[in-house]
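Enquirer: From the two separate chains plus the hints, produce the assembled complex.
Listed below, chain by chain, are the residues.
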Amino acid sequence: MDYYDIDGILSENQKVPCTCNVSIPGLGHEGREVPAGSKVELPFWLAEVLAVNSFVSIHMPAPFSSVVRNALKASPTSVLLRDICTTYYHFAENMLHVISDQQLAQLSLDTLRKRSLVIADGALNPHGALQQNSDFINGLDDFEKYLLRIAHSTHRNLIHWQNSTDN
Amino acid sequence: MALPRELEATFSPEEIEFLAGNEYIDIVPLETMDQLPLVSATIPIMKPPKKCRVPLWLALELKRQHRARIAPPEWLDLSNLESLREQEMEMDMFSKLPFRWLETAHLLLNACPDDIEDVEEVRRILLTIREARQSKARAGLEAVNEVQLALDNLGAMEINEIRPLFRETMNRMRKIVQVSEEE
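Here the protein sequences come in this chain order: A and B.
At position 44 of the first sequence (counting the first as 1) the number is 43 in numbering that gives the first Met the number 0, and the numbers step up by one without a gap.
At position 126 of the second sequence (counting the first as 1) the number is 125 in numbering that gives the first Met the number 0, and the numbers step up by one without a gap.
Calculated directly from the structure, the hints in this document are not laboratory data.
Predicted model, so just to flag it, every value in this text is computed and none were measured.
For every residue, glycine included, the Cβ atom is placed at its ideal position computed from N, Cα and C.
A hint or two may mislead.
[What the hints assert, rightly or not] In the DSSO-like style, the derived pairs of lysine-lysine whose C-alpha atoms are separated by at most 27 Å in a straight line are:
#	chain 1	residue 1	chain 2	residue 2
1	A	K14	B	K174
2	B	K135	A	K144
3	A	K14	A	K72
4	A	K144	A	K113
5	A	K14	A	K144
6	A	K144	B	K49
7	B	K95	A	K72
8	A	K38	A	K14
9	A	K144	A	K72
10	B	K135	B	K95
11	B	K50	B	K62
12	B	K174	A	K113
13	B	K46	B	K62
14	B	K62	B	K49
15	B	K135	A	K113
16	A	K72	A	K113
17	B	K135	A	K72
[What the hints assert, rightly or not] Partner residues aside, some chain B positions facing chain A, computed with beta carbon under 8 Å:
#	residue
18	E13
19	H105
20	N109
21	R137
22	T168
23	N170
24	R171
25	M172
26	K174
27	V176
28	S179
Extracted from the complex, chain B is given alone in its bound form (with noise of 0.2 Å):
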């Protein structure tokens, strides 16, 4: 399929945070709402102030329609953002977030920022988090060979920001190497 170049090596950001879309938070329904089939999973009847746990798609439609307030997830709070902060400074190597910790926190923080305590110091603590975690796979870079790039721990929407400078180098390094050994 002809994608435009810029595509071609990676996801757009968007998809990265359509995917993330599928995992599951709990939301306090504020009416009582039916069971709902679907096709991955039924979803039980919702009565107030039970929690129930959703999608977060469906967690967000909800939200906007009024429905349902959503409950931030354990790792979203103030303390524990704060200990991150600190572990990512120190550490070379990055600090243990969810695997799709940048888009979730996008989206919650623009859909439901009512629901979250604290939120303008939540939103500077996650900037702070993101900007050391960018110059650590900066330099992360110079360990690039043709077999492998260890990186733990990277988030789901780092990775796909990094992965066209570093697939292509590697590759061209592939065909170098693979060239010179083949005589």
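Just chain A, with the same shape it has in the complex (with noise of 0.2 Å):
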């Protein structure tokens, strides 16, 4: 059911750096080998599936070095994490399937229930939280866009029946 989510699919685009570990035909510039011990970065799709038969090595992408787990941990409001990844949270996912971290997995829970709480808040009045917070607001990956589109269209659905009247 997962296979043709269109937001995991996206998120697969995303470039990993590995080494290879054997020689590889047909990966380089017009189709030339790519010798062994070289660095490259592959679409995480691709990677996934040459790192399962080992013939490469993926290293720890740049959204989840330790500068940016700092920056997450200090202060997870305030990073543009549109800018790090545009599918930061789905991407994680996807790296927790080839890498066992689990200090990632609990800081990107921490980022989410931080960050979830000002998109709460950035629902109950779009406008203002885009004047006001444009940064964030610009700063947010689809997951959370996603995040204050519905929410905030329930709660428009909600005043909306409220201020009805018929009967």
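Expert: Here it is, written out as structure tokens:
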């Protein structure tokens, strides 16, 4: 069921740095062979398949570097997640499939929790939030934008219904 | 079924209001009416001025046809609402309101304002209570984890309002936890 998920497909497009354990034909520019030991940036869907058979080793990608982690630990709500990775949470889930990193999992959960609070506030009044907090709103990744949209539309439907005086 | 994305996440307020129509309420018939054999229950013969207990949807319909007056439920009276408001302001937890309080109050205030004492004051107090609960619900989001979130005494419409945000956030958290525990 997740195979056809558009957001999942988009998140798998994220590039990850890898080191080739063996030389891989066809991977290089114009189909040339890539020698063993060279570093390449591959999209995740390709890197995962190659890593399963140990043809490449995946390294921690930039969105999960210690610089980013420290920034998220210090102040999750002021980081522009979109600039780091447009599908941050989905990508974290993908990476946790291949790399075991409890700290990353916990950090993603805490980040999501703190940011969803601000999103919930913004959903009550998106225009005001956009003016006050435009950096944050523009820096939401795809999942957070979806959260904002559904929270706001539920709220708007409720207000609409409350003000209706049919009967 | 292909629903618009917003309806995939939660019920519409109109649907919740519709469900609230099944709750029972007292009416005072203004004319004699025969027994009504309905699917779910048989409504007994209605003779003024004897009070009769009918489903809310029927009460609203009879009121619209000027065949009955509605007796507001016990919780919808001024003194009770005032003490509920005090409770709501003082406690961190949600005060005990009937499960369908918001939509029932909305229906009754629209259909029979003349049957409710101090209608304007009631309206105002309900609004205050609703805002207090809304801010508590939003604060409760801080405690969300991937397993559960306990917000006791929340009304049906209020649950419906926060369902999308809570559900999607919890889902995403659950997936991350699930994946990290797989290894």
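Enquirer: Let me make sure I understand: some of the numbered hints might not hold for this structure. Which ones are they, in numerical order?
Expert: 6, 7, 23
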